[in-house]
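Hints in hand, dock the two standalone chains.
Those protein sequence lines, which keep their order, are chains A and B.
For the first sequence, numbering that gives the first Met the number 0 gives the first residue as 0, with consecutive numbering after it.
For the second sequence, numbering that gives the first Met the number 0 gives the first residue as 0, with consecutive numbering after it.
Warning: the hint list may mix true and false statements.
[Unchecked claim] From the structure, some residues in chain B lie toward chain A, with a derived Cβ separation under 8 Å:
#, residue
1, I134
2, V135
3, V138
4, L141
5, L142
6, F145
7, E268
[Claimed, not checked] A short list of chain A residues far from chain B (calculated; beta carbon distances all over 10 Å):
#, residue
8, G36
9, A49
10, L55
11, N62
12, I69
13, F75
14, A79
15, T82
16, A86
17, G91
18, W99
Just so you know, these hints were derived from the structure itself, not from any lab.
These numbers come from a predicted model, not from an experiment.
Backbone N, C-alpha and C define an ideal beta-carbon position, used for all residues, glycine too.
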Amino acid sequence: MNLAVIIILVVGLVFFLGGAVGILRFPDFYSRLHPAGKMDTLGSFLMLGALALYHLHPFTLDNVLVAIKIVLIVVFYFLASPTATHAIVDAGIRAGQAAWQKPGRGAGS
Amino acid sequence: MKALALAIVALVGGLLISATVDFPDWGDPASPASLHVSPHYVEKTMEETSVPNIVTAVLADYRGFDTMFETTVVFTAGVACFLLLRRREPRPGPSRVYRHRATGVIVEMSQPPDTEPAPEVFKRIDDDWTPHDLIVMNVCRLLIPFIQLFGLYVIAHGHHSPGGGFQGGVILGASVILLALSWDLRTATTRMKETATGLMSATGVFIYAGVGALALAMGGNFLDYAALSPILMVDPVAARSLGIFFVEVGVGLAVMATMVLIYRNLASEGHLDQGL
Chain A
0 MNLAVIIILV VGLVFFLGGA VGILRFPDFY SRLHPAGKMD TLGSFLMLGA
50 LALYHLHPFT LDNVLVAIKI VLIVVFYFLA SPTATHAIVD AGIRAGQAAW
100 QKPGRGAGS
Chain B
0 MKALALAIVA LVGGLLISAT VDFPDWGDPA SPASLHVSPH YVEKTMEETS
50 VPNIVTAVLA DYRGFDTMFE TTVVFTAGVA CFLLLRRREP RPGPSRVYRH
100 RATGVIVEMS QPPDTEPAPE VFKRIDDDWT PHDLIVMNVC RLLIPFIQLF
150 GLYVIAHGHH SPGGGFQGGV ILGASVILLA LSWDLRTATT RMKETATGLM
200 SATGVFIYAG VGALALAMGG NFLDYAALSP ILMVDPVAAR SLGIFFVEVG
250 VGLAVMATMV LIYRNLASEG HLDQGL
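The shape of chain B in the complex, shown without the other chains (with noise of 0.2 Å):
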């Protein structure tokens, strides 16, 4: 069976190998993929939406329509992960665990409490695996918001420079995760809502096909930023620079909110009160 396998991959590997050379050479001016719509981007990018990052306006202007339905492929992914994994009964396991603030002595609670001890003294805390680390807790808050400005410079400056809303919106999401881990889940929980990754999730979707929706509305293709230009009061070629800025935000805020969303059930199985 081994050797069968073995044979099977061997020639199926040759085969591949023996393709390779079939392809054209590297960097051959000559190849079809430089032939046909790529000399058009290279060269009219610039006069044609004023935007010197060639990848930026291939991705968000030329072929809106394929990042439009990535977009909402990662909206999708987030609303599959809430279907899945959101538990609305409580955890099993009634138990409790709360850390004196002033103290630092750790109380065990085997019945959940009437009413839950003041939270300037006591503090929950995780019952499994509960850091409390001042030096993390402290460079990630010192951290946090840096990361969040570097993360909006990257949606912005997606025209000039690699980068983008996907991009940008990753490394949003990551900061709101670092609150999560170095701090622990409420924390972040309570600093961005469900309900406010779920809003955020479908606004960024809806930004994105409701700037198309108003350029079919203004009288242009869907997606043609051009047709926005008398509301945006620019020139045409202005107006699809900035058409590209509007749905980056979107892509942003959905990217964003969808990572939150589904590190959250992930990390606490469904119930959102405590994870890792």
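Next up, chain A with everything else stripped away, as it sits in the complex (with noise of 0.2 Å):
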């Protein structure tokens, strides 16, 4: 039981190590925001999950009420996330900020 909690754990650092990255290293600000918007929800999905079922161990009925809050956590995380990045996606479009494209093939080419 420990131990598929602590890959799962390891496996929610790796995509949010993975989004962290990509924040920093894309190009322009829509690219950015894919691993910001992506990356974290699965890789709190996967952690927040991974505790959820750590605190099943003992399997009393306050632990469950636990590990329920923390689902309630992931569910709310996954509606609100994505959401937010797509009404920034939407907001910066609104704002005219023009999407990047390779070095070479700009508008005119």
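Spelled out as structure tokens, the structure:
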């Protein structure tokens, strides 16, 4: 049980790390939001899921309630985070932020 | 001039840093702050008020006066915003913008129409920035009830966990502001009318002061909830716990309504017709 929890936590950390590297390395606003929206959501899903699993260990009512609360956090995070990313991208397009293109493939050529 | 400013900053900074040497040690039990009233709160709160969260008990019971006037400050801020910003005359520039619901076509009318178009066919939208985003609108519609439920929980659970009227009131107010952001200001205003915000804000302060005055009328001191025990039909200790709950409800109402009121007046420049 603990082994599974550790593995899921580490996988979640890998996703968070990928998200952080992506935010730093990607070239423009939209592509940076891509890791911020996707990787963080999946990373927190895995990590919070692992914590919920960890809390189930002595299987009592109190622990199950804590696990359910953690799962609720995951549900609301899953709803709210991609929506927020979507709203930010939408605002960027409305504000006229141009998307990045590979050098040499500019809009005119 | 710059050198002089730098010298003053360095001097004052040096004085402040040298004064920190006189501070009591971190967590020192013999420091003045931990010697006089703190041990009483830490040791006696549970048996005097039956509230496990000492912070809540100190905030709403032992120092109820302070919190009552904090609530009054919040209320006064809302009233000040209302008086300074609210404008009765209509917004200059009479054009109105509507969206045809079925096709999404945007219609602009340069004159205010004599009769409003049927709202189920044409939806009035803001004329500068008009987000019409199904995803954001529907996710917010799904989330707002849960946010409000959580706000009520935070208000009611302040006795046992971090929380209370101020925090829960802010969460409730934020849920209405989220509705105004994701739909539009008119929708939020229809759901929570302007008079309602004003009345709720005043009612919150009134509940707080009223509970205090009721305790006075029952023969106790002002805000001494133990005097309410004959009305609540519980022993004085439980009455203090319940009294804290009542004033927290008042605080929550006042804070929620004031948040919404301030947001609306700021976002719409006092016209309450459209805004961010």
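Going through the hints against the structure:
This hint holds: I134 of chain B has a C-beta 5 Å from the nearest C-beta of chain A, less than the 8 Å allowed. With its C-beta approaching chain A no nearer than about 5 Å, V135 of chain B sits inside the 8 Å limit, and its interface hint holds. Hint status for V138 of chain B: holds, given a least beta-carbon distance of 4 Å to chain A, under 8 Å. Annotation: interface hint on L141 of chain B holds; nearest CB of chain A at approximately 7 Å, less than 8 Å.
At about 6 Å, the closest approach between the beta carbon of L142 of chain B and any beta carbon in chain A falls short of 8 Å, and the interface hint on this residue holds. A cut of 8 Å between beta carbons decides the hint on F145 of chain B: the least distance to chain A is about 7 Å, and the hint holds. The interface hint given for E268 of chain B is violated, since its Cβ lies 21 Å from the closest Cβ of chain A, which is over the 8 Å cut-off. Even its closest Cβ contact with chain B, about 13 Å, leaves G36 of chain A beyond 10 Å, as expected for a residue assigned away from the interface.
At roughly 24 Å from the closest C-beta of chain B, the C-beta of A49 of chain A stays outside 10 Å, upholding its exclusion from the interface. The beta carbon of L55 of chain A is kept farther than 10 Å from every beta carbon of chain B, the shortest such distance being approximately 22 Å. At the 10 Å boundary, the C-beta of N62 of chain A stays outside the reach of chain B, the nearest C-beta of that chain being 18 Å off. Every CB of chain B is more than 10 Å from the CB of I69 of chain A (nearest about 15 Å), matching its label as outside the interface.
For F75 of chain A, the shortest C-beta to C-beta distance to chain B comes to about 7 Å, within the 10 Å cut-off, and the non-interface label is violated. A cut-off of 10 Å between C-beta atoms contradicts the statement that A79 of chain A is not in contact with chain B; the least separation is 6 Å. Look at T82 of chain A: its CB is around 4 Å from the nearest CB on chain B, not clear of 10 Å, so calling it non-interface is violated. With a cut of 10 Å on Cβ distances, A86 of chain A falls inside the contact zone with chain B, its closest approach being about 5 Å.
Remark: the non-interface label on G91 of chain A is consistent with the geometry, its nearest Cβ contact in chain B lying 13 Å away (cut-off 10 Å). Against the 10 Å criterion, W99 of chain A stays outside the reach of chain B, whose nearest CB is about 23 Å from its own CB.
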